[in-house]
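Trainee: One-letter residues, chain by chain:
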Amino acid sequence: MLAFLLRRLASLIVTVWLASIAVFAVLQLVPGDPALLMLGVNAQPDTLAALRGQMGLDQPVLTRYLHWAGDLARGDLGVSLTYARPVAELVAERLAVTLPLALLSLILSTVAALPLGLLAAARRGRGGDWAVLGFAQLGVSMPSFWIAILLILLFSLTLHWFPAGGFPGWGGGVGPALHALLLPALALAVPEAAILARVTRTAVLDTLGEDHVRTARAKGVGRMAVLLRHALPNALIPVATVLGLQISFLVAGAVVVENVFTLPGLGRLLYQAIGQRDLIVVQGVVVLLALFVVVVNALVDIACALADPRPKGGES
Amino acid sequence: MRRKLPLSLRFGAALTLLLVAMALLSLLWTPYPAEQVRVVARLRPPDADHWLGTDHFGRDVLSMIMVGARNSLAVGAAAVGLGLLAGVPLGLLAAALGRWGDEAVARLGDLVFAFPAVLTAILLTAALGAGAINVVVALALFNAAVLARVTRGAALAVWRRPFVGAALALGRGPLSATLVHVLPNIAGIVVVQATILFAVAIVNEAALSYLGLGIQPPSPSWGKMLGDAQTHLFNSPLQAVFPGVAIALSVMGLTMLGDGLRDWLDPRHRSSGVL
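Going line by line, the protein sequences match chains E and L. Sequential numbering of the first sequence, starting at 10, is according to the working numbering. Sequential numbering of the second sequence, starting at 937, is according to the working numbering.
Think of the hints as simulated: they come from the structure by calculation, not from any bench. Please note that the accuracy of each hint is not assured.
Which residues of chain L face chain E? A partial, calculated answer using Cβ under 7 Å [unchecked claim]: (1) ASP1046; (2) VAL1139; (3) ALA1143; (4) LEU1169; (5) PHE1170.
Everything numeric in this text was worked out from a predicted model, so none of it was measured. From the three backbone atoms N, C-alpha and C, an ideal C-beta is built for every residue, glycine too.
Extracted from the complex, chain E is given alone in its bound form (with noise of 0.2 Å):
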């Protein structure tokens, strides 16, 4: 276990290392002066040399990236241009509205896939089943962002229950806050729901046909026991690695759900970067969001190892 966890964190280092030259090495592709295309045409000679001095544009390029590199280590993503603030500083504020949709996103999706999957299972070949398998495909072949748009139209524009986009903030209290953050966790978690609705009923009914199942069944354990009690817990290994796959989509669908509800989240602040032109803010958004999925796909991994009893060997 000790080799597999020695393992597993090396390649995470790499993978850390490889993703931050790779973000780098993207913006060294703007064509022509960074600081022009940041600042525009019009801009004075001084402004834009004040700038080119803080990207270091007048240093070789590997000083650049090992001068970068080293602020990001130490939580230093650089000034933004536009808000003339750090971006850590934005980071974190707008963290405070990703993480909690991401989370309820995550808790919303797992809550309802569980059931519905242990049910497909359950009811295997029956109406049941062929619900949540409906459900299943009709949720995966649905863009979040579309979601999105038919919940503001159908519980914001005709029912008046949630608003339509913005955030409260949570200022005023955990419960405007969360009555704003309802409907594009929701968007997010339907997709996931599907998906780990079709994980989980695989992965039980793969369960049900292993011994200890039939023995438990055959000893007398009653249906609903075995589905609970044996098949769900070994079930949840592959939910989880599927889950911890997830992420990745997670934050790209948090990305432009936060635009259709004009969230102020980090996916808001990096689509409104963009539009500015503040590279420096997109480039410490886009680090620090695949650093966070490499890391939560390490510690899945490991989680997942340390819950499976059979001896680790191979690739993760």
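Use these hints to put chain L onto chain E, whose structure you have.
Mentor: Relative to chain E, chain L alone:
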């Protein structure tokens, strides 16, 4: 005895054919020119003249959806095609080289998976400006990594089979064995994965075009149509429905086609798909 085609394969193939037919038809005919602006006819509900109504510029929604199908398919085909061209040889090479090749493909996969395609496209847009090319490049990078992993896994399994060992013992080189024995045996798995990646590409293209980072106006895109429709949601709610239905049906068709193909090629694998 001929094996019966799974229902999901037939249903998925029918939906996909419909999508392709619509896209091809749009090359020859659309009810109206898709980019024709008629402000006097703006935000019209569906009627006999405009079966799916008009948008805020008075453009015919059905015509835009037909041309949008063409754009979606073009981006999807380019992204999957490039992904296949890069990913399959890489996966085959990794399987043939053994440990180091394996390690390189695994690390490359970890790196690419750290960047969801939307994030890569945003990064490329920040550096190079918005456009369909960046979307294709971002999606192709992701697809190449997925296909390299799938190819490597499938190819490793074929390399372990006795007939490959026999071919090597009879003097075939690794390249020849890969082309003659390994590739034909993994083609099915790769095609299934490519079909599913096509569906993912359509969704991602729509999302990026919704953000204004993908296909640029005036060329119609389903995602951009949804973005425009959102600003007129109160006056013309149906405009936010039709492009979404087009995306959902296309994705459903392609995923069911992929699931069905997998079931058909490997009957041991029972799909958890709807049909």
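Trainee: Each hint should be assessed against the structure and marked as holding or not.
Mentor: Hint check results:
no., hint, in the structure
1, ASP1046, "4 Å, holds"
2, VAL1139, "5 Å, holds"
3, ALA1143, "5 Å, holds"
4, LEU1169, "6 Å, holds"
5, PHE1170, "6 Å, holds"
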